[in-house]
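Engineer: The hints should help you fit chain P onto chain Y, whose structure is shown.
If you read the protein sequences in the order shown, they are chains Y and P. For the working numbering, count along the first sequence from 1 and bump the result up by 204. For the working numbering, count along the second sequence from 1 and bump the result up by 797.
Among the hints, a few may not be true.
[Unchecked claim] What the simulated footprint calls covered on chain P by chain Y, stretch by stretch (three residues with Cβ under 8 Å from a Cβ of chain Y suffice, anywhere in the stretch; the number is not a length):
#	stretch
1	805 to 816
2	847 to 859
3	901 to 908
[As the list claims (entries may be wrong)] Lysine to aspartate or glutamate pairs mimicking DMTMM-like chemistry, simulated, CA-CA at most 25 Å apart:
#	chain 1	residue 1	chain 2	residue 2
4	Y	347	P	851
5	Y	366	P	851
6	P	827	P	912
7	Y	483	Y	247
8	Y	286	Y	470
9	Y	340	Y	399
10	Y	366	P	826
11	P	857	Y	358
12	Y	354	P	851
13	Y	366	P	813
14	Y	483	Y	470
15	Y	354	P	900
16	P	904	Y	355
17	Y	493	Y	477
18	Y	610	P	813
19	Y	340	P	850
20	Y	610	P	929
21	Y	366	Y	447
22	Y	347	P	856
23	P	904	Y	410
24	Y	633	Y	417
25	Y	294	Y	257
26	Y	354	P	835
27	Y	347	P	912
28	Y	354	P	850
29	Y	354	P	854
If you are wondering where the hints come from, they were derived from the structure by calculation, not from laboratory data. C-beta: ideal position from N, C-alpha, C; glycine also.
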Amino acid sequence: MAQRITIDPITRLEGHGKIEIFLDDSGKVSRAYFMVPELRGFEQFVVGRPAEEMPQITSRICGVCPTAHHMAATKALDDLYKVDPPPAAKKLREMIYSIFTLEDHALHFYFLGGPDFVVGPKAPKAERNILGVIGKVGVEVGKRVIGMRKELRDLITLLGGKVIHPVFGLPGGVAKPMSPADQPKFVEAAKRGVEFALFTLSVFTDVVLKNKEYVDAITSDMYTHKTYYMGLVDEKNRVNFYDGRVRVVDPTGKEFGVFTAREYLDAIAEHVEPWSYIKFPYLKKVGWKGFVDGADSGVYSVAPLARLNAADGMATPRAQEAYEQLYATLGGKPVHHTLANHWARVIEMIYAAERFLELASDAEITNPIVRTLPTNIPTVGMGVVEAPRGTLFHHYETDEAGLITKANLIVATQNNAARIALSVDKAAKALINSATANDEGALNMVEMAFRAYDPCHGCGTHSLPGSMPIRIEIRDAAGNLLREIRR
Amino acid sequence: MEPRVNSLLVLGLGNEMLKDDAVGIRVAEKLRGSFPPEVEVRSTSCFGLSLLDELIDREKVLVIDSYVPQEFVGSEIQECNLDAVGEAESTSPHFVGLGEVREIMRKLGLRFPHEVRILAIPVSDPITFSYEMSPAVTALVDEAAARARRIVEAWAPACARWTT
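So that you can see chain Y by itself, here it is in the shape it has in the complex (with noise of 0.2 Å):
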């Protein structure tokens, strides 16, 4: 008889991720989980402060991507102090939004996405890394990624004083317009990053597209799930990291509904399971069903894919055509395989490189009104933005002061707790059983399913050794550890 373990919930994950795999009497997978620390406390942590320095504070969250918080946070402070930025701050956000997006999603095709295609998923434990990436795809281009990584960085901090913690957004603009002395160096930055990008789609194409084993793997079963998908769009629908209404569709296509940044807690509710510190967003017009897909179970996805999905095309032509090309080879709208993020990742750095070149040759961007000063009252803000990883909210309830009274966060891995349960479930059930429970082969399958969503463990720690908190449990039916793979 297979048994049902609670986890306690007041467990310590110490900042780690884990995955656990229960199996039943038969040796198959019963259930497999994957939890994924809240930002504990954090709510908390920030009433009291100044809602002006969400900003700093929020960017503070994530190490890899605190642009994403800060924005997110630029925004909220617009809508709490009803403040319209003038065209060119808004312009210089987007642009700089548009660059950090590039840089990141370059890093993580490159150093993330690589061990498991370009590798191969089956590679030795050793290879399987982003040294192997780099052996493989040759010492040139690594240099290229770091070189164009490092220029992009170099650009960002022009602006915000620093790439990590950029003191950039503030409520009603900016803090530093964009001399025309410099406007030639972003122009030319992003001349090359349109090259980059659409050299990274042909290393795709040849490395991934073109070995029908990888194919396969994209296609499969094991990886695919039919649920709602949910991303920010522009007024043509059309694809927007920095500004715009979250669309969500249905697993056929159709859009199921549109809300701004005000409207999310109409849209979405939260679910909570005993056995996991994070809640689970769901869409509240559907209900939740449970851990299973559907259009009937209000699990949804967000992330590069799910943007591609709720949009109807890309705003800059080379990103269309890479667009068209994924939906032609694919079988059309929705794609609903897990496993296509990554193409979809690049298909993006298309789009960002070329959104990041129109904005930077823009004659409005360098028009030194970048502030509107805020005069109104501050009560409730609102903003949203798409991480790389997905639709991020920030909340904001503050007193007369503009002190907080109340803070909530939704981040986009949060956004994808569920369908990345569902993956992880779904994946460890095709793939281990008591015969494979040591096949590192096997588990590493296991992990692409939540890897191709690159989930954010916003408090991760620097803790020593610095190595990724993954831990990986298979119990057998009595709840006996078997095995315990810390990664």
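Structural biologist: The following block gives chain P in isolation, referenced to the frame of chain Y:
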């Protein structure tokens, strides 16, 4: 590329918002102004590949960071070289550590420091949101700063004239 003028780096790692995770930054703050110009003291909340930007073209680097021991009580400040931290195996840009950065830089032919020394301070809570460290960890800051000075003085004896 020529080595930097400030070729020695003292780098405090941590997150000031995550209670004891701030300790690396606090120790670096204590050391600021202690050394001549060839020794740069910095702190950062970044991790992953961003560490590469800090390390490139340095001769020697002292990293000051926290570690979570099995039992905090009785644990001591540890010193080690980078080799003791472990092999590179991360598959996520989120969790690239010093070991991975070293291997990436070597593979790409980038100049990695001749020596990376790590000063690891035991902590009990690096994940709760708070600007205040635990009292027991706060009490370790002075000792950690003193040990950091001794390491830097051994690298550059001229520094001994400057330390306070």
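Engineer: Decide, hint by hint, whether the structure agrees.
Structural biologist: Cross-check of the supplied hints:
1. 805 to 816: holds (count 6)
2. 847 to 859: Satisfied; 3 residues make the cut.
3. 901 to 908: Satisfied; 5 residues make the cut.
4. 347/Y <-> 851/P: Distance ~17 Å between residue 347/Y and residue 851/P Cα, so the pair holds.
5. 366/Y <-> 851/P: Satisfied, since the Cα-Cα distance of roughly 13 Å is no more than 25 Å.
6. 827/P <-> 912/P: holds (23 Å)
7. 483/Y <-> 247/Y: holds (15 Å)
8. 286/Y <-> 470/Y: Answer holds: residue 286/Y to residue 470/Y is near 21 Å, not above 25 Å.
9. 340/Y <-> 399/Y: Cα-Cα ~21 Å, so holds.
10. 366/Y <-> 826/P: The hint holds at about 18 Å.
11. 857/P <-> 358/Y: Distance of about 24 Å is within 25 Å: holds.
12. 354/Y <-> 851/P: holds (12 Å)
13. 366/Y <-> 813/P: At roughly 17 Å apart (the allowed maximum being 25 Å), residue 813/P and residue 366/Y satisfy the hint.
14. 483/Y <-> 470/Y: holds (17 Å)
15. 354/Y <-> 900/P: holds (18 Å)
16. 904/P <-> 355/Y: Since the Cα atoms of residue 904/P and residue 355/Y sit roughly 20 Å apart, the hinted pair holds (cutoff 25 Å).
17. 493/Y <-> 477/Y: This hinted pair holds, its Cα atoms lying about 13 Å apart.
18. 610/Y <-> 813/P: Judged against 25 Å, a Cα distance of about 21 Å means the pair holds.
19. 340/Y <-> 850/P: Holds, at roughly 24 Å.
20. 610/Y <-> 929/P: The hint holds at about 21 Å.
21. 366/Y <-> 447/Y: holds (23 Å)
22. 347/Y <-> 856/P: Since the Cα atoms of residue 347/Y and residue 856/P sit roughly 21 Å apart, the hinted pair holds (cutoff 25 Å).
23. 904/P <-> 410/Y: The given pair, whose Cα atoms are some 23 Å apart, holds under the 25 Å limit.
24. 633/Y <-> 417/Y: It holds: about 20 Å lies between the C-alpha atoms, which stays within 25 Å.
25. 294/Y <-> 257/Y: At roughly 20 Å apart (the allowed maximum being 25 Å), residue 257/Y and residue 294/Y satisfy the hint.
26. 354/Y <-> 835/P: holds (24 Å)
27. 347/Y <-> 912/P: Holds: residue 347/Y and residue 912/P sit about 23 Å apart, inside 25 Å.
28. 354/Y <-> 850/P: Holds, because 8 Å separates the two Cα atoms, which is no more than 25 Å.
29. 354/Y <-> 854/P: holds (14 Å)
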